[in-house]
Amino acid sequence: MRRNQVAVVGAAETTELGIIPTMSQIQLHADAALNAIADAGLKLSDIDGFATAVETPQQICHYLGIAPTWVDGTSVGGCSFMLHVRHAAAAIEAGLCKTVLITHAESGKSMIGKQPRSIAPDSLQGQFEAPFGVYGPPSMFPIPVLRYMKTYGITHEQLAMVAVVQREWAAKNPRAMMKDPITVDDVLNSRMIAYPFRLLQCCLVTDGGGALILTSADRAKDFPQKPVYILGTGESVETPMVSQMETFNSSRAFKVAGPLAFKEAGINHADVDHLMIYDAFAHLPLFGLGDLGFMPHEETGPFIAAGHTRPGGKLPLNTNGGGLSYMHSGMYGMYALQESVRQMRGIAPAQVPNAKISVCHGVGGMFAASGTIIFTNER
Amino acid sequence: MAEAKRARPKPTPETQHFWDGTKAGELRLQRCDACAHVYFPPRPFCPSCASRKVSVFKASGKGTLYSYVINHRPAAPGFTPPYAIAVVALEEGPRLMSNITGCPQTPEALELDMALEVTFEALDEQITLPLFRPAKG
Numbered sequence: 001m002r003r004n005q006v007a008v009v010g011a012a013e014t015t016e017l018g019i020i021p022t023m024s025q026i027q028l029h030a031d032a033a034l035n036a037i038a039d040a041g042l043k044l045s046d047i048d049g050f051a052t053a054v055e056t057p058q059q060i061c062h063y064l065g066i067a068p069t070w071v072d073g074t075s076v077g078g079c080s081f082m083l084h085v086r087h088a089a090a091a092i093e094a095g096l097c098k099t100v101l102i103t104h105a106e107s108g109k110s111m112i113g114k115q116p117r118s119i120a121p122d123s124l125q126g127q128f129e130a131p132f133g134v135y136g137p138p139s140m141f142p143i144p145v146l147r148y149m150k151t152y153g154i155t156h157e158q159l160a161m162v163a164v165v166q167r168e169w170a171a172k173n174p175r176a177m178m179k180d181p182i183t184v185d186d187v188l189n190s191r192m193i194a195y196p197f198r199l200l201q202c203c204l205v206t207d208g209g210g211a212l213i214l215t216s217a218d219r220a221k222d223f224p225q226k227p228v229y230i231l232g233t234g235e236s237v238e239t240p241m242v243s244q245m246e247t248f249n250s251s252r253a254f255k256v257a258g259p260l261a262f263k264e265a266g267i268n269h270a271d272v273d274h275l276m277i278y279d280a281f282a283h284l285p286l287f288g289l290g291d292l293g294f295m296p297h298e299e300t301g302p303f304i305a306a307g308h309t310r311p312g313g314k315l316p317l318n319t320n321g322g323g324l325s326y327m328h329s330g331m332y333g334m335y336a337l338q339e340s341v342r343q344m345r346g347i348a349p350a351q352v353p354n355a356k357i358s359v360c361h362g363v364g365g366m367f368a369a370s371g372t373i374i375f376t377n378e379r
Numbered sequence: 001m002a003e004a005k006r007a008r009p010k011p012t013p014e015t016q017h018f019w020d021g022t023k024a025g026e027l028r029l030q031r032c033d034a035c036a037h038v039y040f041p042p043r044p045f046c047p048s049c050a051s052r053k054v055s056v057f058k059a060s061g062k063g064t065l066y067s068y069v070i071n072h073r074p075a076a077p078g079f080t081p082p083y084a085i086a087v088v089a090l091e092e093g094p095r096l097m098s099n100i101t102g103c104p105q106t107p108e109a110l111e112l113d114m115a116l117e118v119t120f121e122a123l124d125e126q127i128t129l130p131l132f133r134p135a136k137g
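Chains R and F are the protein sequences, given in the same order. Heads up: the first sequence begins at 1 in the working numbering, then just goes up one per residue. Heads up: the second sequence begins at 1 in the working numbering, then just goes up one per residue.
If we strip away everything but chain F, and leave its shape as in the complex, we get (with noise of 0.2 Å):
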């Protein structure tokens, strides 16, 4: 890491059970009581019926490499170029953006539709991120 610090999220009231997971090593997705849609990011309504009846649950950590890129410049700050900014499909339908680690940032190493898993990185006390490494199997 290079000593200026990474974007530091900030939740709000909506977002707050998202970043609570994350710290309690859970990555919490929201599902519409009365449609069962699942979405993603957090909000305490549902955008596919507009039911105000939705529930926070645990999500596998599963998904896929939908698609990155590798960033080489100019790079944001707490980040050593290259580095994969990465959208991952998760097993439950969502789509979230993070980072892909346990692997080298190359092309050939990060191939579209690679089978990944939850991995959580704590950036301070309070906020924990969720990133993705290679599913083991």
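Isolated chain R, as found in the complex (with noise of 0.2 Å):
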């Protein structure tokens, strides 16, 4: 894909984030794609792409009342998002539509109009993973976390300043849920979920949903807000059971897509201003920075212990509160794309000055999927 040739033109989060008990589903879908539309200045029927996850784009595009000319429906977990924008920017340079709306949404805490997850017995997953315990997220994706501190020497303590450090950019954002300094003490004395990872290691559970417009750069100067482009994208998947991972010092998707975002963006680590890694738990950004190649896995323990990633670092990281902190419907990876384009319009409550390349990285799954997008404001 060509650099530059398509802008994000419209951005916006659901009207509150949290616990919403107020809406179904679809309702927080429509919200965002309502204050989306809004933003960008356009009218629902200006749409003729859309893409969207977990609920099918005919569910989505009949509640809204769109005609689409081009649909994505890939569903491959939280970075579902990122792999929408990926596919929109490549739809809209061969001219399948002109304006894609992606929107996201989940009742992650009120479970209002949400399928809850299930496993079938008969899946891979129900026949060789179900049976041995696994119960939700927590008690998988933390599963290759005490082989990669083993092998990487990285201290618990370490893994707690992620968690540390990311409430620290929380705590300059009103919208995130949690805002309360935290210590290093304080994650290794919260409740244990899954050893190693204790409470203040996992994300949040809440409402919410978020929704961007996409259209090519030469339309993009003609909107209201300042136009974000597309400079560099990556995706892949590796498996749906974690523990047929090909190993855990490493996540395979990660690699694939961070270094084909980074190819096709033309740029180098040192250009990056701002970062944002998909933190479902505290390992995550880890893995990021490894795989991304900001360093190699060793160093990264370090690095965020030694404070490079916090407001007034060299790498501002999940400058939102990321998913420890700010908030987690489930399907966080929109929520990151909300925060570069933010950082990229200089409009961010933790506004990175001058920052002119946003780093996107989001996970599906556990490790199951991966997709990059890299955003610069200039073209």
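Keep in mind that the hints were calculated from the coordinates and are not lab data. Mixed in with the good hints there might be a few duds.
[Stated by the list, open to error] Within a straight-line C-alpha distance of at most 25 Å, the following computed SDA-like cross-link-like pairs (lysine to any residue) qualify:
| no. | chain 1 | residue 1 | chain 2 | residue 2 |
| --- | --- | --- | --- | --- |
| 1 | F | Lys10 | R | Ser123 |
| 2 | F | Lys23 | R | Glu299 |
| 3 | F | Lys62 | R | Glu299 |
| 4 | R | Lys255 | F | Pro82 |
| 5 | F | Lys5 | R | Ile119 |
| 6 | F | Lys58 | F | Thr101 |
| 7 | R | Lys150 | F | Lys23 |
| 8 | F | Lys62 | R | Arg379 |
| 9 | R | Lys172 | R | Arg310 |
| 10 | F | Lys23 | F | Arg8 |
| 11 | F | Lys10 | R | Pro116 |
| 12 | R | Lys226 | R | Gly41 |
| 13 | R | Lys255 | R | Glu299 |
| 14 | R | Lys109 | R | Asn173 |
| 15 | F | Lys10 | R | Pro349 |
| 16 | F | Lys10 | R | Gly126 |
| 17 | R | Lys226 | R | Arg379 |
| 18 | R | Lys255 | F | Pro107 |
| 19 | F | Lys5 | R | Tyr195 |
| 20 | F | Lys58 | R | Ile19 |
| 21 | R | Lys150 | F | Pro107 |
| 22 | R | Lys255 | F | Tyr39 |
| 23 | F | Lys5 | R | Ala120 |
| 24 | F | Lys58 | R | Gly41 |
| 25 | F | Lys5 | R | Met192 |
| 26 | R | Lys172 | R | Ser24 |
| 27 | F | Lys58 | R | Gly126 |
| 28 | R | Lys150 | F | Lys10 |
| 29 | R | Lys150 | F | Pro82 |
| 30 | F | Lys136 | F | Glu111 |
[Unchecked claim] Sample of chain F residues at the chain R side, in silico, Cβ under 10 Å:
| no. | residue |
| --- | --- |
| 31 | Thr15 |
| 32 | His17 |
| 33 | Val56 |
| 34 | Arg73 |
| 35 | Tyr83 |
| 36 | Ala84 |
| 37 | Val88 |
| 38 | Gly102 |
| 39 | Pro107 |
| 40 | Leu112 |
If you're wondering where the values come from, they're calculated on a predicted model, not measured in any experiment. For each residue, glycine too, the CB sits at the ideal point set by N, CA and C.
Got two chains here, each in a separate frame; can you build the complex from them with the hints?
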């Protein structure tokens, strides 16, 4: 894909984030979509391309009253929206549609109009993982952590610092769910969830949504918001079974998607002003820093513990507070994208001064899938 | 065991040999006749070279502890927390998820790379699960 041919011209989250007992899941989609439409100064009838995950495109298009000529229902977990951005950019460049709306919403806490997740007993996961007591992401996602720690010499304190630093970012964000400062001791004394991880190393469970609108860069200059260009993209999948990853020292899906996006963008790691790495759990930023090539894996824990990713640090990471402190409705990728767009527009609550390039990296499932989008505000 | 039942696997035509094996007290893997790749989970072709000529064989049942969590909450039905959910690296190469029995479910007792051996636990008349315990010498 060519650089900077497609731009984000509309971006918004649901009016409220957190606990929203007044809206069903599809209405959260609509609330985010209507906010993004207003942000872009468009009408719903201007939308001719649509993408969403979990809910089907037909469900949300009908609810909104959209008749698209291009749809994408890629649903690979929390990074689905990174893949939607990549696919939408390709579709716009190919002339399949002009203006794409991407929505995410999840009634993750209130569970209104949301199908509970289930594992079929005759699926591979149902036969070879479920019988051994996995029960939701906290019991599965941290399974690689102890191996990763042993291989690279990562400490419990370093993994606790991930949560501490992200809370520092969240404190600057009025919309963050958790804003009170925490210490390494607080993290290591919080309730045990799945050793080695404790409560403060696991993501929040909330309600909310977000939506993006993309169009060609040539049209983008006529929109009310500062365009945010798509500089590079990557995607991949590995396995739906965490036990079957090639290795616990790395994520293959990360190692495919991340470098692909950097290559397409034609940038080096030193060019990155702002970074989002989907943090469903505290080890993900470490895997991301290593697999995206920012540094060797053994340096990731010390790098975060030294404060390089905190406010004022040399590599601002997860500046909305992340899934650990901002919000996490179940598929957090959309909120990471929203924060990258805010940073590129220059309107983030914890704005990184003069940020010109933002890397936004997502995970789906338990390292099952990955998508990376690199944004810039300069064409 | 708590009263609620543990998730029960339902075999498919491609996995039936595995579950027949555990019921007979054997851990069965597959090996590609063309490239010798040993793989898991079961399927009637080689995920390395795509050959459909593959054979089922009895694995040694020996392995090492690759990684784990000790799950506290929420606990799966049929499990009393805290309990370890482990990934075992088999001597033949593949890894599989299991539980570790015959040893305390603590970080002190569960050392990465410790030697393990398979043991079998019948869920009911049809399904037997492969579990692992510390190897006896």
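Hint by hint, here is what the structure shows:
1. Annotation: proposed proximity of lysine 10 of chain F to serine 123 of chain R holds, straight-line Cα distance about 8 Å (limit 25 Å).
2. With a C-alpha separation of about 46 Å, the suggested pair lysine 23 of chain F and glutamate 299 of chain R falls outside the 25 Å cut-off, and the hint is violated.
3. A distance of roughly 34 Å separates the Cα atoms of lysine 62 of chain F and glutamate 299 of chain R; the hinted pair therefore is violated under the 25 Å criterion.
4. Of the supplied pair hints, the one linking lysine 255 of chain R and proline 82 of chain F is violated, its CA atoms being roughly 33 Å apart against a limit of 25 Å.
5. In summary, the hint linking lysine 5 of chain F to isoleucine 119 of chain R is supported, as the alpha carbons are separated by about 15 Å, within the 25 Å threshold.
6. Among the hinted pairs, lysine 58 of chain F with threonine 101 of chain F is consistent with the structure: their alpha-carbon atoms are about 22 Å apart, no more than 25 Å.
7. Note on lysine 150 of chain R and lysine 23 of chain F: the hinted pairing is violated, with a Cα-Cα distance of about 35 Å set against a maximum of 25 Å.
8. Taken as a hint, the lysine 62 of chain F and arginine 379 of chain R pair is broken in the structure, with Cα atoms around 58 Å apart against an allowance of 25 Å.
9. For the given pair, lysine 172 of chain R sits about 12 Å from arginine 310 of chain R by alpha-carbon distance, which is consistent with the 25 Å threshold.
10. As the CA atoms of lysine 23 of chain F and arginine 8 of chain F are separated by approximately 14 Å, the hinted pair is consistent with the 25 Å bound.
11. Taking the CA atoms of lysine 10 of chain F and proline 116 of chain R, the gap is about 21 Å. The hint holds against a cut of 25 Å.
12. Distance check on the hinted pair: lysine 226 of chain R and glycine 41 of chain R sit about 12 Å apart at the alpha-carbon level, within 25 Å; holds.
13. The suggested pairing of lysine 255 of chain R with glutamate 299 of chain R holds, with an alpha-carbon distance near 17 Å, which does not exceed 25 Å.
14. Between the alpha carbons of lysine 109 of chain R and asparagine 173 of chain R the distance comes to roughly 21 Å, so the proposed pair stays at or under 25 Å and holds.
15. Restraint check for lysine 10 of chain F and proline 349 of chain R: not satisfied, since their Cα atoms lie roughly 50 Å apart, outside the 25 Å limit.
16. A hinted pair counts as satisfied when its Cα atoms are at most 25 Å apart, and lysine 10 of chain F with glycine 126 of chain R qualifies at roughly 8 Å.
17. Using a Cα cut-off of 25 Å, the hinted pair lysine 226 of chain R and arginine 379 of chain R holds, with the two alpha carbons roughly 11 Å apart.
18. A distance of roughly 30 Å separates the Cα atoms of lysine 255 of chain R and proline 107 of chain F; the hinted pair therefore is violated under the 25 Å criterion.
19. Our distance criterion of 25 Å between C-alpha atoms is met by lysine 5 of chain F and tyrosine 195 of chain R, whose separation comes to about 23 Å.
20. For a cut-off of 25 Å, the pair hint linking lysine 58 of chain F to isoleucine 19 of chain R is broken: about 52 Å separates their Cα positions.
21. Restraint check: the Cα-Cα separation between lysine 150 of chain R and proline 107 of chain F comes to about 13 Å, which is no more than 25 Å; the hinted pair holds.
22. Straight-line distance between C-alpha atoms of lysine 255 of chain R and tyrosine 39 of chain F comes to about 23 Å, which keeps the hinted pair within the 25 Å bound.
23. At roughly 15 Å between alpha-carbon atoms, lysine 5 of chain F and alanine 120 of chain R fall within 25 Å of each other, so this suggested pair holds.
24. Restraint check for lysine 58 of chain F and glycine 41 of chain R: the C-alpha separation of about 65 Å exceeds 25 Å, so the hint is violated.
25. Taking the CA atoms of lysine 5 of chain F and methionine 192 of chain R, the gap is about 24 Å. The hint holds against a cut of 25 Å.
26. At most 25 Å may separate the alpha-carbon atoms for a hinted pair to count; lysine 172 of chain R and serine 24 of chain R exceed this at roughly 29 Å.
27. Taking the CA atoms of lysine 58 of chain F and glycine 126 of chain R, the gap is about 23 Å. The hint holds against a cut of 25 Å.
28. As the CA atoms of lysine 150 of chain R and lysine 10 of chain F are separated by approximately 35 Å, the hinted pair breaks the 25 Å bound.
29. For the hint linking lysine 150 of chain R to proline 82 of chain F, the alpha-carbon distance of about 22 Å falls within 25 Å, and the restraint holds.
30. Taking the CA atoms of lysine 136 of chain F and glutamate 111 of chain F, the gap is about 15 Å. The hint holds against a cut of 25 Å.
31. At its closest, the beta carbon of threonine 15 of chain F sits 6 Å from a beta carbon of chain R; the interface hint therefore holds under the 10 Å criterion.
32. The criterion of a C-beta within 10 Å of any C-beta in chain R is not met by histidine 17 of chain F, whose closest approach is roughly 12 Å, and the hint is violated.
33. Contact between valine 56 of chain F and chain R, as hinted, is not supported at the beta carbon level, the nearest pair being about 16 Å apart and thus beyond 10 Å.
34. For arginine 73 of chain F, the interface hint holds, the least distance from its beta-carbon to any beta-carbon of chain R being 6 Å, beneath 10 Å.
35. Using the Cβ-Cβ criterion of 10 Å, the hint placing tyrosine 83 of chain F at the interface with chain R is satisfied: the shortest such distance is roughly 6 Å.
36. Checking alanine 84 of chain F against chain R: minimum C-beta separation of about 8 Å stays under 10 Å; hint holds.
37. For valine 88 of chain F, the interface hint holds, the least distance from its beta-carbon to any beta-carbon of chain R being 9 Å, beneath 10 Å.
38. The restraint placing glycine 102 of chain F at the interface with chain R is violated, with a minimum CB-CB distance near 16 Å, outside the 10 Å limit.
39. For proline 107 of chain F, the shortest C-beta to C-beta distance to chain R is roughly 6 Å, which falls under 10 Å, so the interface hint holds.
40. Because the closest C-beta pair between leucine 112 of chain F and chain R is about 5 Å apart, less than 10 Å, the hint holds.
The earlier numbered hints that this structure contradicts are 2, 3, 4, 7, 8, 15, 18, 20, 24, 26, 28, 32, 33 and 38.
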